[in-house]
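*Asks:* According to our numbering, the residues represented by the sequence shown are 157 to 246, in order.
There's no promise every hint is true.
Computed spacing ranges between beta-carbons, pair by pair [claimed, not checked]:
#1 194 x 170: 15 to 25 Å
#2 174 x 208: 26 to 36 Å
#3 240 x 207: 12 to 22 Å
#4 180 x 208: 18 to 28 Å
#5 206 x 184: 15 to 25 Å
#6 244 x 188: 17 to 27 Å
#7 179 x 243: 31 to 41 Å
#8 208 x 175: 26 to 36 Å
#9 234 x 209: 41 to 51 Å
#10 240 x 196: 14 to 24 Å
#11 170 x 201: 31 to 41 Å
Hint data in this document are derived by calculation from the structure and do not stem from the laboratory. Every residue, glycine too, gets a C-beta built ideally from N, C-alpha and C.
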Amino acid sequence: MSSTETPATAARPPTPYGLVGGEAMVRRIADRFYDIMDSAPEAARIRALHAEDLSAVRDRLFEFLSGWLGGPPLYFQRPDHKCIMSAHRP
């Protein structure tokens with residue numbers, strides 16, 4: 157720590173969020189997941205459980221992964237967020 161740094165401003169170790177490429181890459185991961193689910197024959201049964209329009213669930217996966225990987229906790233800031241087990245129970 158330099159003489160101008162305090163413990164609060166000292167460099168923090170990188171998060172998985174930063175290591176994978178931040179917001180842009182986490183968005184690409186979420187989109188790719190649903191692209192595969194939308195097109196892979198082996199995912200057809202799971203795909204059938206979802207609405208025709210996947211845009212809302214894509215956004216929620218992006219928001220969840222963002223916080224889970226150490227980035228902004230977007231999903232957990234949503235007033236309508238659910239625990240993952242509850243969200244997948246139906």
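*Asks:* For each hint, tell me whether it holds in the structure or not.
*Replies:* Structure-based check of each hint:
| no. | hint | verdict |
| --- | --- | --- |
| 1 | 194 x 170: 15 to 25 Å | violated (32 Å) |
| 2 | 174 x 208: 26 to 36 Å | holds (35 Å) |
| 3 | 240 x 207: 12 to 22 Å | holds (18 Å) |
| 4 | 180 x 208: 18 to 28 Å | holds (27 Å) |
| 5 | 206 x 184: 15 to 25 Å | holds (20 Å) |
| 6 | 244 x 188: 17 to 27 Å | holds (20 Å) |
| 7 | 179 x 243: 31 to 41 Å | violated (22 Å) |
| 8 | 208 x 175: 26 to 36 Å | holds (35 Å) |
| 9 | 234 x 209: 41 to 51 Å | violated (19 Å) |
| 10 | 240 x 196: 14 to 24 Å | holds (22 Å) |
| 11 | 170 x 201: 31 to 41 Å | holds (38 Å) |
Violated hints, listed in ascending order, are 1, 7 and 9; each of the other numbered hints is respected by the structure.
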